[in-house]
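A.B. asks: One-letter residues, chain by chain:
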Amino acid sequence: MFDPEFVFEELLPALNRGLLVSIALIVPASILGFLGGLAIGCLRGFGAPWMRRLGDCYTAIVRGVPLAVQLMMIYFALPKLGIYFEPYGAALLSFIICSAAYHSEYVRGALLSISQGQIKAARALGFNTLQTVLWIVAPQAARRALPGCGNEIIYLIKYSSLAYLVTCMELMGEGKVVASDTFRFTEVFIAVGAYYLVMVTLATWLLNWLEKRYRIPGFGSH
Amino acid sequence: MAQQDIVLDIRNISKNLGGKDILKDCSLKVARGELKVLIGPSGAGKSTLLQCINCLIPPDSGEIILEGTKLNPENTRELCAFRARVGMIFQDFNLFDHLTAIDNVSIALRKVRGMNAKDARDRAMEELGRVGLANRYLLYPAQLSGGQKQRVAIARALAMDPTVILLDEPTSALDPELVGEVLAVIRDLAQNGMTMVMATHQMDFARALANEILFMQNGVIIEQGTPQALLAEGAETRTRDFFTKLLSDGE
Numbered sequence: 005m006f007d008p009e010f011v012f013e014e015l016l017p018a019l020n021r022g023l024l025v026s027i028a029l030i031v032p033a034s035i036l037g038f039l040g041g042l043a044i045g046c047l048r049g050f051g052a053p054w055m056r057r058l059g060d061c062y063t064a065i066v067r068g069v070p071l072a073v074q075l076m077m078i079y080f081a082l083p084k085l086g087i088y089f090e091p092y093g094a095a096l097l098s099f100i101i102c103s104a105a106y107h108s109e110y111v112r113g114a115l116l117s118i119s120q121g122q123i124k125a126a127r128a129l130g131f132n133t134l135q136t137v138l139w140i141v142a143p144q145a146a147r148r149a150l151p152g153c154g155n156e157i158i159y160l161i162k163y164s165s166l167a168y169l170v171t172c173m174e175l176m177g178e179g180k181v182v183a184s185d186t187f188r189f190t191e192v193f194i195a196v197g198a199y200y201l202v203m204v205t206l207a208t209w210l211l212n213w214l215e216k217r218y219r220i221p222g223f224g225s226h
Numbered sequence: 002m003a004q005q006d007i008v009l010d011i012r013n014i015s016k017n018l019g020g021k022d023i024l025k026d027c028s029l030k031v032a033r034g035e036l037k038v039l040i041g042p043s044g045a046g047k048s049t050l051l052q053c054i055n056c057l058i059p060p061d062s063g064e065i066i067l068e069g070t071k072l073n074p075e076n077t078r079e080l081c082a083f084r085a086r087v088g089m090i091f092q093d094f095n096l097f098d099h100l101t102a103i104d105n106v107s108i109a110l111r112k113v114r115g116m117n118a119k120d121a122r123d124r125a126m127e128e129l130g131r132v133g134l135a136n137r138y139l140l141y142p143a144q145l146s147g148g149q150k151q152r153v154a155i156a157r158a159l160a161m162d163p164t165v166i167l168l169d170e171p172t173s174a175l176d177p178e179l180v181g182e183v184l185a186v187i188r189d190l191a192q193n194g195m196t197m198v199m200a201t202h203q204m205d206f207a208r209a210l211a212n213e214i215l216f217m218q219n220g221v222i223i224e225q226g227t228p229q230a231l232l233a234e235g236a237e238t239r240t241r242d243f244f245t246k247l248l249s250d251g252e
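From first to last, the protein sequence lines stand for chains A and B.
In terms of the numbering used here, the first sequence opens at residue 5 and continues consecutively.
In terms of the numbering used here, the second sequence opens at residue 2 and continues consecutively.
Be aware that a few hints might be false.
Dumping the calculated DSSO-like pairs for lysine-lysine here, alpha-carbon to alpha-carbon at most 30 Å [stated by the list, open to error]:
#1 Lys124(A) - Lys30(B)
#2 Lys246(B) - Lys124(A)
#3 Lys216(A) - Lys25(B)
#4 Lys124(A) - Lys71(B)
#5 Lys21(B) - Lys71(B)
#6 Lys180(A) - Lys119(B)
#7 Lys112(B) - Lys71(B)
#8 Lys216(A) - Lys71(B)
#9 Lys30(B) - Lys180(A)
A short, non-exhaustive set of chain A residues, derived as facing chain B with CB atoms under 8 Å [to be verified]:
#10 Ala28
#11 Ala125
#12 Gly130
#13 Ile140
#14 Tyr200
#15 Pro221
#16 Gly222
Coverage of chain B stretches by chain A, computed from C-beta distances (three or more under 8 Å per stretch; other residues unrestricted) [claimed, not checked]:
#17 29-43
#18 97-110
Don't read these hints as lab results, they were simulated from the structure.
Note that beta-carbon positions come from the ideal geometry of N, C-alpha and C, so glycine has one too.
Model the full structure from these sequences, guided by the hints.
C.D. replies: This is the structure:
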């Protein structure tokens, strides 16, 4: 059953190659997705009425349409409008868009939990709206939203496997090719699953560390 | 002083909220170094009046004149600059929960005044020292007692070098044993010539330190005068009735 030559010569080199692409998708998508979600969440909480509506529409559409469909639209439909993406670019863009929509929901919830009194105090000191959001509201909202946003990042690691749908050869894509070539589906997908499990575990540790690092006494439920 | 130096001139402020007149034609003039005390039953409009002065609640009509310049609240830049010159102390402190005591005091210096980090820290330490909290500068609001939080809030207002400070019942949310330390800080400010308008229920404090007491009821300033005049033995004033009632309730 266990064939070391297949595993070490063929499977693992392919999966490692795919892992690098997966990481190149996940890391920027999680960072930009979080920042985008923070910005959209703040706009939905504090922006002019038209900004709030725009943000609400964005979230409703992105959350309402399956990610696989969005990915297909970006890769196959946008070229009709003259906008072309490499597989990697299309996957990255759709992950950022999707991730930002979910993050913005967590951030919006966190914004609502910040006391109006602090916002009043900032205004009374002469802060304008942008400064109030940037220096008083966002740092607190980000901390409150961190557990929820961490959850979204864990999801992102797993839905990054959809990138193979647009021929971006990440972990899942490489695994699928090896499996089709060799018909060793069991070994290949057990290995692919283990790779994702390890990534999620590492991400969980990192997120726990971040929560500890930015913890403030008397803030949140720790 | 032959010519009184009027710092803050509030003219005919009115405010209607939800069809109810909260403030009706309130006017007051505050001279430099003066402490004006607003008293009156709860719901009289004291807090609304203070928040209308710096447009945290925008008044429906009336004029706000600071050191001779009339405020145009429509102009955001002008409004922010105005607020930076008018300190505000709230009943429930409203410290920034994610910042240490020193950062609470220095953040407006850096972000609003554009001061560099080191100068802002030095200035913040100086103000924390003034309210007796120099050794607590690294603590977060949740680690401070109510009285300490309010003193940090006062340091935060003082750091901006305000022309006038508005105090909205600064001791009402405090446990009785913590009221004294906050009043002591405010007393020091008054004695050092800080211009202040304060809403309070601390009658002894008002009697001892106010240059003038304004009695509010139903959104109107109905009596105005020195504590001696309003509280004189046999004076037939609402202020005196209110004082007597509060004192007898307290016993």
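A.B. asks: Which hints from the list above does the structure break, by number from lowest to highest?
C.D. replies: Violated hints (numbers, rising): 2, 3, 6, 8, 9, 10, 14, 17; every other hint is consistent with the structure.
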